[in-house]
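Just so you know, the sequences run in chain order A and B.
The first sequence maps to residues 1 to 214 in our numbering.
The second sequence maps to residues 1001 to 1290 in our numbering.
Each hint should be verified, as a subset may be incorrect.
DSS-like cross-link-like pairs, simulated, lysine-lysine; straight-line CA separation at most 25 Å [to be verified]:
{"id": "1", "chain 1": "A", "residue 1": "LYS172", "chain 2": "B", "residue 2": "LYS1056"}
{"id": "2", "chain 1": "A", "residue 1": "LYS172", "chain 2": "B", "residue 2": "LYS1267"}
{"id": "3", "chain 1": "A", "residue 1": "LYS13", "chain 2": "A", "residue 2": "LYS208"}
Covered, in the sense of this in silico footprint (three residues per stretch, anywhere, with C-beta under 8 Å from a C-beta of chain B), are these stretches of chain A [said to hold, decoys possible]:
{"id": "4", "segment": "28 to 37"}
{"id": "5", "segment": "63 to 73"}
{"id": "6", "segment": "166 to 180"}
Treat the hints as calculated values from the structure; they're not laboratory data.
Glycine included, each C-beta is placed from N, C-alpha and C at the ideal position.
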Amino acid sequence: MDVLTKNFSLYGKGFLGTVELTVYASAVALALGFLMAAFRVSPVGSFRALGTVWVNVLRNTPLTLLFFAVLLGLPRFGLVLPFKLFAVIALGCYTSAFICEALRSGINTVPTGQGEAARSLGMTFSQTLSAVVLPQAFRSVIPPVGSTLIALAKNSAIAGAFSVTELLGTYKTLSELGYDIIWTFIWIAVGYLIITLTISAVFNLMEKYWGVAR
Amino acid sequence: MTAQLSREATALYDIPGPRTQQRHLLYGLVSTVLLLALVGWIVYLLFDTDQFTATKWRPFEYEGIQRLLLRGLGNTLKAFGFAALFSLALGAVLATGRLSDHRPVRWLATLLVEFFRAMPVLVMIFFIFVALKVQPLPALVAGLTLYNGSVLAEVFRSGVNSVERGQKEAAFSLGMRKTQVMTYVLVPQGIRAMLPTIISQLVVALKDTSLGYLITYEEFLHAGKLIASNLDYDLPFIPVVMVISPIYIGMCMLLSWFATWMARRQKRNPKTEAVEVAPAEPGTLLPGVQ
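Could you put together the complete structure from these sequences and hints?
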């Protein structure tokens, strides 16, 4: 029990590290995922091909392999960045593939008639997109995007094994200090539960406000 | 399929006319050139940083190193095989628990499923490896089993629940007991419909075997790391990644395609008429989202 109280700052640092990784990587994943989803529904063939390849390759890449390649591989190109930034890139790119698929299937749930009606009213492409298609798509993508971001928070544990400061990594220091390993892990688990439950609560709220009434 | 897509109207745009088609073709050509330039730049970088020198690729000619890689691949597949088998079994047990008529059993199963789905799988693996002091392979398999088994339990349960209600009512009205209704009517149809999702979840298990690398299990990535950190071959890190990742990604893609193929086949199968076949989505099934 006293593992937490005596090492609060260490746990706090790890906890904040995980939160930071999650937030930054989420931003990268959402931005890249949006771009790739736009590519995948575009009328231009080569954009679609790029989006498809991006999604299919990253979705089938083990995240450890991606971390391995990015964190230890990119420096060989002379690209030396802090490990945390590399971790954000790896996590963000990996998750962007799942975000892209969620967004794309959200856009596909908007019936064709909606777009046709908008166009027959004389709306331009950007008007159709911003006033008709995206608002409806947004409503139906809240749950899948939420679960993807929860998965991202859980996946950020892998960064700890590549010596980025985060929650799981705290076990090493604590076990060297001779604390009870079981309790150490219980508090780590609690930390992750707090993060994932917070994300899930936020998305449940969003779902309540904007979700599709079924 | 992609060629047809542009011929169909979507919610986003109409069927393009001849001028728009020409414009799209122009965009396509320009972006292809840009993409090729990007690829070319990466290849140039690879050459520029001496990734294609003979020293760095020589290790792959040696039989010992080939055997090391093959043993790593074998260990990966072994961990995957065990994890898949055990998680299917655990999933079946937990799903049975969640569908039970007895409240305590249902609660216990729900608690276990929700907990193991909410935990990062790596935390469980590390807990089993570090705190319980288990060998790497059993620790990896146990962690993967707990996580994927819980997710599969939910897949099984939603499969059984998605069978049309009339099937269950008809079976009960024929005088079948609950066990009979389950084993003869609901489970066969539910599992069939969920087969694509089940296989997609196994892809997740296959991908996650690479976590074994982090607990020093001698799997594929570990073998790669051993070769990559060899000074005799001038630290052939990029060559190792270039050899390992196609194999890893290829295996996962193969299994993913199998899931998609299965989904397409099951949709036409009369045996799944009473259930909606789940699409072969990558498994990110998580708490709070059904």
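Going down the list of hints, with the structure as the test:
| no. | hint | verdict |
| --- | --- | --- |
| 1 | A/LYS172 with B/LYS1056 | violated (34 Å) |
| 2 | A/LYS172 with B/LYS1267 | violated (49 Å) |
| 3 | A/LYS13 with A/LYS208 | violated (33 Å) |
| 4 | 28 to 37 | violated (count 0) |
| 5 | 63 to 73 | holds (count 7) |
| 6 | 166 to 180 | holds (count 3) |
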